[in-house]
Amino acid sequence: MSISAFDALIAADQKIENKDWMPDGYRESLIRQIAQHAHSEIMGMQPEAAWISRAPSLARKAVLIAKVQDEAGHGLYLYAVAETLGARREDLLDALHEGRQKYLSFINYPTLTWADVGALAWLTDGAAVVNQVSLCRTSYGPYGRALVRICREESFHHRQGFDLLHTLSRGTPAQRRSLQEAVDRWWQPALAMFGPPDSRSTHSASSMAWRIKRAGNDELRQRFVDLCVPQAEALGVRLPDPALRWNPERGHHDFTPPDYDELMRVVAGHGPRNRQRLAHRRRAHEEGAWVREAAAVHAAKQAAKQAA
Amino acid sequence: MSISAFDALIAADQKIENKDWMPDGYRESLIRQIAQHAHSEIMGMQPEAAWISRAPSLARKAVLIAKVQDEAGHGLYLYAVAETLGARREDLLDALHEGRQKYLSFINYPTLTWADVGALAWLTDGAAVVNQVSLCRTSYGPYGRALVRICREESFHHRQGFDLLHTLSRGTPAQRRSLQEAVDRWWQPALAMFGPPDSRSTHSASSMAWRIKRAGNDELRQRFVDLCVPQAEALGVRLPDPALRWNPERGHHDFTPPDYDELMRVVAGHGPRNRQRLAHRRRAHEEGAWVREAAAVHAAKQAAKQAA
Amino acid sequence: MTGLPEYLLGLGDDALVAAQRTAEWCAKAPQLEEEVALANLALDQLGQARAFLTYAGELEGEGRDEDALAFLRDEHEFRNVQLVELPNGDFAVTVAKTLFLAAYQNLLYTRLARAAEPRLAGIAAKAAKESAFHVSYASLWTVRLGDGTPLSHRRMRDAVEEVWPYTHELFEPWAPPEAGLDPAALRGPWLEVVGRALGEATLTRPQDGWAATGGRSGRHTEWFGLLLADMQSVHRAHVGARW
Amino acid sequence: MTGLPEYLLGLGDDALVAAQRTAEWCAKAPQLEEEVALANLALDQLGQARAFLTYAGELEGEGRDEDALAFLRDEHEFRNVQLVELPNGDFAVTVAKTLFLAAYQNLLYTRLARAAEPRLAGIAAKAAKESAFHVSYASLWTVRLGDGTPLSHRRMRDAVEEVWPYTHELFEPWAPPEAGLDPAALRGPWLEVVGRALGEATLTRPQDGWAATGGRSGRHTEWFGLLLADMQSVHRAHVGARW
Numbered sequence: 001m002s003i004s005a006f007d008a009l010i011a012a013d014q015k016i017e018n019k020d021w022m023p024d025g026y027r028e029s030l031i032r033q034i035a036q037h038a039h040s041e042i043m044g045m046q047p048e049a050a051w052i053s054r055a056p057s058l059a060r061k062a063v064l065i066a067k068v069q070d071e072a073g074h075g076l077y078l079y080a081v082a083e084t085l086g087a088r089r090e091d092l093l094d095a096l097h098e099g100r101q102k103y104l105s106f107i108n109y110p111t112l113t114w115a116d117v118g119a120l121a122w123l124t125d126g127a128a129v130v131n132q133v134s135l136c137r138t139s140y141g142p143y144g145r146a147l148v149r150i151c152r153e154e155s156f157h158h159r160q161g162f163d164l165l166h167t168l169s170r171g172t173p174a175q176r177r178s179l180q181e182a183v184d185r186w187w188q189p190a191l192a193m194f195g196p197p198d199s200r201s202t203h204s205a206s207s208m209a210w211r212i213k214r215a216g217n218d219e220l221r222q223r224f225v226d227l228c229v230p231q232a233e234a235l236g237v238r239l240p241d242p243a244l245r246w247n248p249e250r251g252h253h254d255f256t257p258p259d260y261d262e263l264m265r266v267v268a269g270h271g272p273r274n275r276q277r278l279a280h281r282r283r284a285h286e287e288g289a290w291v292r293e294a295a296a297v298h299a300a301k302q303a304a305k306q307a308a
Numbered sequence: 001m002s003i004s005a006f007d008a009l010i011a012a013d014q015k016i017e018n019k020d021w022m023p024d025g026y027r028e029s030l031i032r033q034i035a036q037h038a039h040s041e042i043m044g045m046q047p048e049a050a051w052i053s054r055a056p057s058l059a060r061k062a063v064l065i066a067k068v069q070d071e072a073g074h075g076l077y078l079y080a081v082a083e084t085l086g087a088r089r090e091d092l093l094d095a096l097h098e099g100r101q102k103y104l105s106f107i108n109y110p111t112l113t114w115a116d117v118g119a120l121a122w123l124t125d126g127a128a129v130v131n132q133v134s135l136c137r138t139s140y141g142p143y144g145r146a147l148v149r150i151c152r153e154e155s156f157h158h159r160q161g162f163d164l165l166h167t168l169s170r171g172t173p174a175q176r177r178s179l180q181e182a183v184d185r186w187w188q189p190a191l192a193m194f195g196p197p198d199s200r201s202t203h204s205a206s207s208m209a210w211r212i213k214r215a216g217n218d219e220l221r222q223r224f225v226d227l228c229v230p231q232a233e234a235l236g237v238r239l240p241d242p243a244l245r246w247n248p249e250r251g252h253h254d255f256t257p258p259d260y261d262e263l264m265r266v267v268a269g270h271g272p273r274n275r276q277r278l279a280h281r282r283r284a285h286e287e288g289a290w291v292r293e294a295a296a297v298h299a300a301k302q303a304a305k306q307a308a
Numbered sequence: 001m002t003g004l005p006e007y008l009l010g011l012g013d014d015a016l017v018a019a020q021r022t023a024e025w026c027a028k029a030p031q032l033e034e035e036v037a038l039a040n041l042a043l044d045q046l047g048q049a050r051a052f053l054t055y056a057g058e059l060e061g062e063g064r065d066e067d068a069l070a071f072l073r074d075e076h077e078f079r080n081v082q083l084v085e086l087p088n089g090d091f092a093v094t095v096a097k098t099l100f101l102a103a104y105q106n107l108l109y110t111r112l113a114r115a116a117e118p119r120l121a122g123i124a125a126k127a128a129k130e131s132a133f134h135v136s137y138a139s140l141w142t143v144r145l146g147d148g149t150p151l152s153h154r155r156m157r158d159a160v161e162e163v164w165p166y167t168h169e170l171f172e173p174w175a176p177p178e179a180g181l182d183p184a185a186l187r188g189p190w191l192e193v194v195g196r197a198l199g200e201a202t203l204t205r206p207q208d209g210w211a212a213t214g215g216r217s218g219r220h221t222e223w224f225g226l227l228l229a230d231m232q233s234v235h236r237a238h239v240g241a242r243w
Numbered sequence: 001m002t003g004l005p006e007y008l009l010g011l012g013d014d015a016l017v018a019a020q021r022t023a024e025w026c027a028k029a030p031q032l033e034e035e036v037a038l039a040n041l042a043l044d045q046l047g048q049a050r051a052f053l054t055y056a057g058e059l060e061g062e063g064r065d066e067d068a069l070a071f072l073r074d075e076h077e078f079r080n081v082q083l084v085e086l087p088n089g090d091f092a093v094t095v096a097k098t099l100f101l102a103a104y105q106n107l108l109y110t111r112l113a114r115a116a117e118p119r120l121a122g123i124a125a126k127a128a129k130e131s132a133f134h135v136s137y138a139s140l141w142t143v144r145l146g147d148g149t150p151l152s153h154r155r156m157r158d159a160v161e162e163v164w165p166y167t168h169e170l171f172e173p174w175a176p177p178e179a180g181l182d183p184a185a186l187r188g189p190w191l192e193v194v195g196r197a198l199g200e201a202t203l204t205r206p207q208d209g210w211a212a213t214g215g216r217s218g219r220h221t222e223w224f225g226l227l228l229a230d231m232q233s234v235h236r237a238h239v240g241a242r243w
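Protein chains in written order, with the working numbering: chain A, 1 to 308; chain B, 1 to 308; chain C, 1 to 243; chain D, 1 to 243.
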């Protein structure tokens with residue numbers, strides 16, 4: 001295969017597979033994007049894991065453990081996809097730990113109450129689904145297939161988050177207040193998940209041309225807002241945007257775009273929890289080093305025995 | 001000074017000071033005893049420190065912090081006394097951490113409820129006071145003077161423990177039940193603090209001859225039991241010994257001696273919390289190593305600057 | 001003698017507290033594979049806890065559901081063994097705790113699956129399958145760590161010694177007639193399962209010495225109060241709320 | 001605008017939560033001298049907390065004493081800055097937290113000691129002396145660690161950077177007329193005190209960037225709920241009991 005064969009496949013909306021020839025830029029873009037996705041899955045475990053011990057019912061505790069487990073599974077799956085492109089999980093983790101690769105910025109916000117666990121799932125998993133449904137048609141075959149499975153689970157998480165909030169919405173005054181406060185906190189970080197406007201996005205154009213991405217940031221963000229409005233009504237919560245209203249001419253809701261300067265600051269490391277999230281991740285990795293080493297040494301011993 | 005001068009001082013019930021000549025055996029016995037006392041103070045912080053965060057009133061929280069602080073202070077003071085005999089705090093701590101030197105066995109029992117905090121103070125500090133009041137007249141001057149101050153604070157702790165329990169004794173049924181259970185747990189460990197019977201004690205005879213110790217284990221234990229009985233009545237608790245009764249002929253209470261086999265097992269390291277207490281102590285020491293080193297390096301830098 | 005409702009509480013509390021501890025590893029495990037596996041263990045344990053507690057509450061007949069039992073009992077009302085309360089420590093301690101508990105639970109559940117009481121037998125049959133996986137998982141890691149590096153060998157050995165005194169309580173006489181078994185009789189087969197893993201891990205079985213006891217009658221370790229304070233905090237801060 | 005009772009709650013909660021964190025070092029400090037010193041700090045903070053909370057409760061007039069305020073309020077009712085909630089981390093983080101808080105408290109208390117309200121002035125006068133000692137203690141250790149070994153220098157630098165974003169909240173406009181001061185005006189002198197210690201420690205003052213906020217209106221960090229769950233657990237488990 002050659003560059004013209006590659007271009008032909010892309011133009012015909014066919015999938016690129018890992019054995020196929022691909023331009024270096026395509027490979028690098030994919031690795032960057034898949035690694036960031038994988039990092040977001042495993043970093044995203046933290047704000048939720050912090051509430052497992054205190055989950056106020058056993059049923060919710062089980063759901064929350066399962067969700068955090070799914071995120072670990074997605075991480076595993078996505079690192080494996082990156083490995084089909086020649087990257088190694090270990091190196092990608094190093095890049096994460098050293099701050100050379102990023103993860104989604106919403107993870108750097110705190111989950112202050114039990115309601116935040118629900119709001120985070122409803123809004124950020126909701127945004128992730130909108131993003132990823134579009135990505136399922138990405139031109140790289142292994143990534144697209146991984147996304148199909150991930151999307152299914154994410155949309156389950158999204159529904160569970162909604163369900164958690166729905167119970168609070170019919171609960172005590174304190175529960176209802178915490179619901180509104182949590183939604184107030186998570187609306188902006190969720191909107192910001194779609195990244196800067198297309199006009200300011202550094203990677204969007206080439207990713208669109210290669211059909212790694214299939215839709216622009218602005219289009220996806222609009223889709224997300226339009227989906228959230230009726231759900232917020234069902235929950236009886238107010239989305240914290242005075243400019244939010246239906247625009248019959250556009251057939252969409254008008255809304256205030258997220259604060260991109262804040263997004264850029266948080267991505268650059270200056271959010272409420274950047275330091276702690278990364279420090280937590282590094283500590284877990286360092287404290288696990290002797291365990292991973294023991295497993296490797298043991299496996300080598302077993303292999304030597306079998307060879308002998 | 002010489003051996004005859006030393007013997008004359010002992011015979012005349014005078015104090016030995018650190019500059020005085022003393023037999024090696026005397027010095028070693030003292031270091032062993034003082035180190036064990038110091039170790040008991042700092043190990044004894046643990047079962048109480050565990051309850052500071054949960055103390056159910058701010059006044060009790062303050063009292064408890066102050067008590068644990070006093071124990072650290074006693075430790076400091078006693079290691080300094082051992083240093084007058086040529087020992088080094090660092091070496092004594094190593095001996096503790098490596099299990100070559102011991103500490104009082106009651107510390108290896110758990111404090112399971114808030115009432116245990118009171119029972120531990122009432123009974124084990126009470127026993128310590130009985131022991132140490134007698135030790136204040138020890139032949140080694142610096143140790144005797146340290147003990148005068150320590151005794152004053154210990155008897156304060158003893159009274160505070162009693163006061164804590166007295167409040168529980170007038171409290172809710174759950175509080176009164178926890179009081180009785182805690183006393184049931186701490187009676188035996190407190191009795192065992194006086195050591196094995198004189199007939200089985202390995203170090204008692206020489207320590208008595210040198211007037212390091214001034215009273216036998218059995219005599220002190222009897223004094224403690226006689227003191228406890230009226231206090232238990234005031235608390236409305238039952239001391240867990242069916243044989244406990246006033247013996248008008250002896251002018252003392254009869255009682256069941258503690259289980260020396262259990263005492264020996266716990267001293268040998270097989271008590272409920274030996275492993276954890278020592279591991280906790282070692283971990284704190286190891287985690288503090290970089291801090292102590294930084295202070296030493298900084299002090300050396302300062303000294304070098306002043307010399308230049 | 002222990003009645004069936006109290007026995008079910010004990011089984012449920014063992015599983016609940018084990019789940020609580022295991023889930024503390026979430027987002028802290030040594031590698032992603034262990035994140036997934038430990039979450040599995042926690043979910044299995046939690047599922048068993050819910051089944052046993054629900055059943056206990058119904059037999060009791062005072063309207064307490066699984067959440068009332070988990071979140072509104074005080075420390076001395078819990079009936080779990082102290083083993084499951086022990087802090088997670090390093091990964092080796094968690095592996096040791098898991099091995100010892102799972103080997104016991106697997107033997108116990110397998111026998112309870114033949115109990116005359118059909119509901120008890122049903123819960124136990126499902127749980128027996130789950131605990132069989134827990135035994136293999138913990139055995140595998142016992143061997144990897146014990147027969148890994150010198151450091152991991154030392155840590156695994158220390159962990160086994162640290163947890164061993166808490167295993168005796170598992171075999172205390174504490175089973176109602178409905179269970180149809182004598183817990184003490186499980187210790188022989190348990191020593192075989194555990195001994196096999198330890199042997200393969202180049203470790204020796206610790207001496208029996210001091211033995212923890214008291215959990216079944218509500219006497220717990222210094223750590224348990226903190227575990228409950230954390231676990232029950234949100235539930236208790238909102239009296240009567242639904243979740 | 002903040003009323004005096006709420007302001008007193010804020011002062012009391014700052015001191016209470018700081019005391020709670022500092023006391024976590026008990027039986028864990030790097031050496032015995034620090035056991036004694038940190039317990040002193042905790043006791044001073046706790047004493048200040050009790051004085052402010054008692055005063056706040058009396059002004060409020062609803063019969064809440066220091067214990068009702070400490071043990072029976074929920075998370076969102078606490079008025080402390082987020083700085084004091086931060087976990088202790090290593091000793092360097094504790095030193096940084098202590099330096100930043102004590103330097104602020106010392107400046108604040110010194111000014112409040114001249115307040116027209118005599119009871120407020122009296123509590124503040126005593127607290128000012130205590131916090132002066134806290135400033136010297138924390139400065140001393142900032143210098144020892146910053147100008148110690150390469151490792152301690154790195155840890156002290158990281159600690160200062162980690163805690164810095166939580167210092168801005170100390171100077172938010174949040175003082176009633178009775179206090180007779182503008183918190184923002186304290187920042188200049190505070191930067192001098194802190195800057196002196198950092199300079200001597202061969203450390204530089206971090207850039208101002210993201211700034212924590214919300215504590216004064218009841219929005220706290222992820223860690224605070226756990227701190228309260230622990231602190232209030234025994235008190236809350238025995239409704240109406242005396243201690």
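Among the hints, erroneous ones may be present.
[As the list claims (entries may be wrong)] List of simulated lysine to any residue pairs, SDA-like, C-alpha gap at most 20 Å:
| hint | chain 1 | residue 1 | chain 2 | residue 2 |
| --- | --- | --- | --- | --- |
| 1 | A | Lys19 | A | Ile3 |
| 2 | B | Lys305 | D | Thr202 |
| 3 | A | Lys102 | D | Gly199 |
| 4 | B | Lys301 | D | Gly199 |
| 5 | B | Lys301 | D | His153 |
| 6 | C | Lys129 | A | Ala62 |
| 7 | D | Lys126 | B | Ala66 |
| 8 | A | Lys305 | C | Lys129 |
| 9 | A | Lys301 | C | Pro150 |
Derived from the structure by calculation, the hints contain no laboratory data.
Nothing here was measured: the structure is a model prediction, and the numbers come from that model.
For the pair supplied as a hint, lysine 301 of chain B and glycine 199 of chain D, confirm whether the alpha-carbon distance does not exceed 20 Å.
-> 16 Å, holds
Is lysine 305 of chain A close enough to lysine 129 of chain C, meaning Cα to Cα at most 20 Å?
-> 31 Å, violated
Compare the distance between the alpha carbons of lysine 19 of chain A and isoleucine 3 of chain A with 20 Å, and conclude whether the hinted pair is satisfied.
-> With a Cα-Cα distance of about 14 Å, the restraint between lysine 19 of chain A and isoleucine 3 of chain A holds, given a limit of 20 Å.
Has the given pair, lysine 126 of chain D with alanine 66 of chain B, been kept, meaning a C-alpha gap of at most 20 Å?
-> 19 Å, holds
Is lysine 129 of chain C within 20 Å of alanine 62 of chain A, Cα to Cα?
-> 19 Å, holds
Straight-line alpha-carbon gap lysine 102 of chain A to glycine 199 of chain D, limit 20 Å | Cα-Cα ~33 Å, so violated.
Does threonine 202 of chain D lie within 20 Å of lysine 305 of chain B when you go C-alpha to C-alpha?
-> 15 Å, holds
Can the restraint linking lysine 301 of chain A and proline 150 of chain C be considered satisfied, given a maximum Cα separation of 20 Å?
-> Judged against 20 Å, a Cα distance of about 13 Å means the pair holds.
Are the Cα atoms of lysine 301 of chain B and histidine 153 of chain D separated by 20 Å or less?
-> 14 Å, holds
In the structure shown, a violation is registered for the earlier hints numbered 3 and 8, in ascending order.
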